Amino acid sequence: MLTGRNLIRASDLNEQEVGLVLKNADSFMEVLKRKVKKVPTLRGKTIANIFFEPSTRTRNSFELAAKRLSADLVNFSASSSALKKGESIMDTIETIISLKLNLLVVRHGHSGVMDFISGKVGIPLINAGDGKNQHPTQALLDTYTIKQKFGSLQGLKVALVGDFLNSRVARSNVEMFSRMGMEVIVVAPSMLLPEDYSVLGTDILSDIDQVIDQVDVLYMLRMQFERQNRRFYPSIREYNRFLGLDRKRLNNMKKDSVVMHPGPVNRGIEISEEVMDSRDSKDRILISNQVTHGVAVRMSLLYLILSQQEEP
Amino acid sequence: MLTGRNLIRASDLNEQEVGLVLKNADSFMEVLKRKVKKVPTLRGKTIANIFFEPSTRTRNSFELAAKRLSADLVNFSASSSALKKGESIMDTIETIISLKLNLLVVRHGHSGVMDFISGKVGIPLINAGDGKNQHPTQALLDTYTIKQKFGSLQGLKVALVGDFLNSRVARSNVEMFSRMGMEVIVVAPSMLLPEDYSVLGTDILSDIDQVIDQVDVLYMLRMQFERQNRRFYPSIREYNRFLGLDRKRLNNMKKDSVVMHPGPVNRGIEISEEVMDSRDSKDRILISNQVTHGVAVRMSLLYLILSQQEEP
Amino acid sequence: MLTGRNLIRASDLNEQEVGLVLKNADSFMEVLKRKVKKVPTLRGKTIANIFFEPSTRTRNSFELAAKRLSADLVNFSASSSALKKGESIMDTIETIISLKLNLLVVRHGHSGVMDFISGKVGIPLINAGDGKNQHPTQALLDTYTIKQKFGSLQGLKVALVGDFLNSRVARSNVEMFSRMGMEVIVVAPSMLLPEDYSVLGTDILSDIDQVIDQVDVLYMLRMQFERQNRRFYPSIREYNRFLGLDRKRLNNMKKDSVVMHPGPVNRGIEISEEVMDSRDSKDRILISNQVTHGVAVRMSLLYLILSQQEEP
Chain A
6 MLTGRNLIRA SDLNEQEVGL VLKNADSFME VLKRKVKKVP TLRGKTIANI FFEPSTRTRN
66 SFELAAKRLS ADLVNFSASS SALKKGESIM DTIETIISLK LNLLVVRHGH SGVMDFISGK
126 VGIPLINAGD GKNQHPTQAL LDTYTIKQKF GSLQGLKVAL VGDFLNSRVA RSNVEMFSRM
186 GMEVIVVAPS MLLPEDYSVL GTDILSDIDQ VIDQVDVLYM LRMQFERQNR RFYPSIREYN
246 RFLGLDRKRL NNMKKDSVVM HPGPVNRGIE ISEEVMDSRD SKDRILISNQ VTHGVAVRMS
306 LLYLILSQQE EP
Chain B
6 MLTGRNLIRA SDLNEQEVGL VLKNADSFME VLKRKVKKVP TLRGKTIANI FFEPSTRTRN
66 SFELAAKRLS ADLVNFSASS SALKKGESIM DTIETIISLK LNLLVVRHGH SGVMDFISGK
126 VGIPLINAGD GKNQHPTQAL LDTYTIKQKF GSLQGLKVAL VGDFLNSRVA RSNVEMFSRM
186 GMEVIVVAPS MLLPEDYSVL GTDILSDIDQ VIDQVDVLYM LRMQFERQNR RFYPSIREYN
246 RFLGLDRKRL NNMKKDSVVM HPGPVNRGIE ISEEVMDSRD SKDRILISNQ VTHGVAVRMS
306 LLYLILSQQE EP
Chain C
6 MLTGRNLIRA SDLNEQEVGL VLKNADSFME VLKRKVKKVP TLRGKTIANI FFEPSTRTRN
66 SFELAAKRLS ADLVNFSASS SALKKGESIM DTIETIISLK LNLLVVRHGH SGVMDFISGK
126 VGIPLINAGD GKNQHPTQAL LDTYTIKQKF GSLQGLKVAL VGDFLNSRVA RSNVEMFSRM
186 GMEVIVVAPS MLLPEDYSVL GTDILSDIDQ VIDQVDVLYM LRMQFERQNR RFYPSIREYN
246 RFLGLDRKRL NNMKKDSVVM HPGPVNRGIE ISEEVMDSRD SKDRILISNQ VTHGVAVRMS
306 LLYLILSQQE EP
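So the sequences go chain by chain: A, B and C.
To convert, count from 1 in the first sequence and add 5; that's my numbering.
To convert, count from 1 in the second sequence and add 5; that's my numbering.
To convert, count from 1 in the third sequence and add 5; that's my numbering.
Please note: incorrect hints may appear among the correct ones.
Pairs count within a copy or across copies, as identical chains cannot be separated in the list.
Once the Cα atoms are required to be at most 27 Å apart in a straight line, the calculated DSS-like pairs of lysine-lysine come out as [said to hold, decoys possible]: (1) 260 with 43; (2) 72 with 260; (3) 38 with 162; (4) 154 with 105; (5) 28 with 40; (6) 105 with 152; (7) 287 with 125; (8) 253 with 287; (9) 105 with 38; (10) 287 with 105.
Quick caveat, the hints were computed from the structure, so don't treat them as lab data.
As the structure is a computational prediction, the values presented were derived from the model and not from experiment.
Using the sequences and the hints given, assemble the complete structure.
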């Protein structure tokens with residue numbers, strides 16, 4: 006169990022703990038195939054979804070996970086909240102705490118705000134994305150998706166491709182994939198790569214073609230236009246040329262290799278329309294599977310953190 | 006049963022199928038009169054309300070219908086969704102599908118988008134209003150309201166009055182009312198009438214007074230100011246003169262005739278303040294009944310589509 | 006029981022009825038300490054949260070209270086509602102009524118709108134704040150918080166301090182505290198005091214230091230910047246000097262006295278940062294307790310109004 010634990014960054018979980026989340030996710034995948042997709046496990050627990058940034062997939066994934074465990078879920082969003090009245094984040098959080106909830110799921114635009122919050126509150130906190138920093142439940146669901154496909158993770162070759170500068174998914178995935186025994190290759194031009202990646206011990210390449218015929222998993226990062234303050238590097242045409250996945254590149258990949266993306270895809274930029282909509286490579290594009298697994302993995306995580314929890 | 010079926014336009018249901026929805030709605034009206042207004046019929050099913058346009062009555066009516074059948078309901082709205090990140094409708098829909106939901110209720114500003122969506126997804130879709138095109142559950146609840154009042158539908162004379170150009174309710178109602186054996190009369194000036202109504206085989210008049218003393222049901226359409234790109238035709242004064250319902254016109258109607266409107270009413274335009282607030286004609290203005298019946302009819306529809314559904 | 010009753014202003018409840026709400030709140034505080042914080046009391050009832058103004062704490066407090074009684078809750082907000090289509094408040098309310106709900110919780114920016122609504126609808130209405138007028142459930146939870154702390158209310162000395170002109174909390178609290186036998190002292194400069202307070206029979210002072218060493222409860226009102234149309238009176242520096250709570254003033258208070266605030270606090274204005282964050286006076290600052298008690302008190306109120314209710 007992970008009773009009462011926080012999940013702020015991918016490295017908060019060791020190899021055994023990640024394994025535990027994935028194993029329990031298997032059971033919850035079974036629940037999701039049943040006619041009645043619901044278990045009474047967390048009845049009477051209340052989970053708060055606190056999103057200071059808009060989100061469809063992550064927010065709804067947590068909402069569904071909570072409801073399918075029979076927990077109550079309350080949605081807070083910045084736009085409808087007292088933040089309009091000039092309330093500080095901490096006062097908002099303290100109010101939420103005083104409502105005697107059991108767990109907070111928080112997304113926020115600023116890196117590092119999670120440590121600040123978790124240091125003050127006495128209930129578990131799951132980071133649903135903080136700025137350009139971390140998105141650890143994405144790493145869990147991606148790891149689960151790879152395990153489901155290949156059976157074992159050990160020794161698999163994974164290339165992450167694209168905008169590492171603005172990606173919280175990249176940071177969490179590089180950490181977790183490495184920890185679980187995969188060989189991680191970073192593919193990014195230096196302009197889209199933060200300095201601290203050089204110390205992670207992974208290979209760093211700038212051209213997707215140097216590695217595309219060798220990888221088991223090609224993980225395309227989303228161009229985070231909404232987090233960029235400057236003009237797009239270097240141009241969409243250039244991006245495509247060195248980093249984009251089109252039909253030709255797909256054909257160069259190993260037969261049993263797969264393509265992943267955290268979504269939503271910028272069609273024609275990270276992945277071409279043709280690849281997105283092709284019938285014959287459908288089984289190798291795992292984007293939908295990632296979303297499906299997200300619910301089961303989050304059910305697993307909520308279960309492991311909350312089911313044995315003493316009352317706050 | 007209507008297991009696994011879509012409802013995109015009124016004509017998707019034949020006479021027997023409409024009858025089935027109405028008959029089951031009777032049972033659900035009984036549930037709504039109970040102390041505990043809830044049945045466990047759809048426990049463990051998840052329904053998504055996906056509204057790309059704002060809505061109070063339809064969105065909440067579906068939400069209540071779902072909850073009273075013990076289904077879980079997840080609300081998606083355009084403003085909080087990933088659409089802000091430039092995600093395409095199809096990617097949004099595909100994400101939602103991957104969350105393993107059982108049914109989508111969709112409202113969208115563009116006519117015809119429903120066929121596009123339903124062609125791609127493998128779960129039932131109910132159109133909760135698409136542009137100026139169709140609003141079939143409104144037609145069902147209106148038909149139910151008329152049946153409740155008159156016992157039988159066959160041969161009833163119904164005049165729909167107003168802005169057919171911008172009304173999705175009009176199109177769905179004309180189709181369904183005709184199919185169920187009612188005599189439908191269209192009352193609209195040519196400027197507010199799309200060309201394709203001429204082929205529907207209904208009478209078309211331009212002055213409400215030509216027919217007001219003969220109808221069993223006077224169905225006032227809403228002036229859809231928010232869907233008009235041009236100045237109001239021809240003027241509110243003119244509209245009132247030829248198409249508005251005031252006390253004098255109400256007095257000219259048959260004693261047991263009724264007035265309906267899909268809501269919200271533009272008071273003083275389609276219906277005068279005096280008629281809206283009059284005590285003595287209260288039983289003949291069925292606007293509140295339509296809202297009440299909406300929940301029961303939508304419960305019936307969700308039940309008929311989902312209760313026997315195999316898992317997606 | 007308070008079956009079928011409205012709660013629009015604090016004076017709607019007599020002393021015995023307030024006592025009844027507080028007594029039942031004790032039982033619900035017990036529920037909130039259980040592992041499964043949920044009772045089936047209001048299963049099958051539906052409550053609508055209708056907020057024409059944004060709110061975090063009150064809206065979520067009612068939502069949690071409803072869910073923990075197993076009622077269904079539907080959230081309406083002005084921004085997503087048909088009000089955008091030019092629908093009148095009354096038409097919105099009538100729609101909601103026709104959905105066969107059991108109780109309305111309403112917040113609105115205009116004083117007095119509650120009487121208008123409750124006069125028209127046939128189901129109970131709870132005022133969750135109307136303009137500068139009343140916020141009676143805040144008064145209930147504040148009274149409960151004081152009773153929890155001191156055991157009895159009779160004869161306690163309470164000073165309310167600050168902006169009475171713009172505060173609905175002040176009006177409800179002065180009424181209810183007086184009714185329950187507490188001695189109420191109003192501390193406000195004449196510019197922040199409406200004329201009608203002079204007839205309430207309470208002492209009125211303009212300087213917090215005249216009374217701070219004598220009170221059992223110091224109730225700091227929130228400066229309602231968002232409800233002020235003019236420049237802040239007379240300046241934040243002046244406000245602090247005559248009305249703000251800092252460490253020095255806290256030290257002048259009686260040892261077993263407490264500080265309350267309806268939240269969110271404007272740090273550095275009503276209460277200094279130092280007092281807010283101090284460890285040693287933590288047990289005397291009851292702001293978090295107020296929030297916690299809010300859920301139990303609202304559960305109690307909903308239970309007393311709805312559990313014996315006949316169907317509308």
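- Message: When Cα atoms must be at most 27 Å apart, do residue 28 and residue 40 count as within-copy, between-copy, both, or neither?
- Response: Answer is both; intra-copy 22 Å and inter-copy 26 Å each pass.
- Message: Regarding residue 105 and residue 152, is the shortest C-alpha distance of 27 Å or less found within a copy, between copies, in both, or in neither?
- Response: between (37 Å within a copy, 20 Å between copies)
- Task: Check residue 105 against residue 38 for me: Cα-Cα at most 27 Å, and say if that holds within a copy, between copies, both or neither.
- Result: Result: close only across copies, 9 Å inter versus 33 Å intra.
- Task: Evaluate residue 260 and residue 43 at a C-alpha cut-off of 27 Å and name the case that applies: within, between, both or neither.
- Result: Answer is neither: 37 Å inside a copy and 52 Å across each miss the 27 Å cutoff.
- Task: Please work out whether the CA atoms of residue 287 and residue 125 approach to 27 Å or closer within one copy, between two copies, in both situations, or in neither?
- Result: between (46 Å within a copy, 14 Å between copies)
- Query: With identical chains treated as interchangeable, where does the CA-CA distance between residue 72 and residue 260 reach 27 Å or less: within a copy, between copies, both, or neither?
  - Reply: neither (39 Å within a copy, 46 Å between copies)
- Task: Could you place residue 154 and residue 105 in one of the four classes (within, between, both, neither) given a Cα distance threshold of 27 Å?
- Result: Between copies, since 19 Å is at most 27 Å while 40 Å is not.
- With 27 Å as the alpha-carbon cut-off, assign the pair residue 253 and residue 287 to within, between, both or neither. within (15 Å within a copy, 65 Å between copies)
- Could you place residue 38 and residue 162 in one of the four classes (within, between, both, neither) given a Cα distance threshold of 27 Å? Intra 31 Å, inter 49 Å, cutoff 27 Å: neither.
- Should residue 287 paired with residue 105 be assigned to within, between, both, or neither, using CA atoms and 27 Å as the limit? between (45 Å within a copy, 18 Å between copies)
Violation of the numbered hints given earlier is confined to hints 1, 2, 3; the remaining hints are satisfied by the structure.
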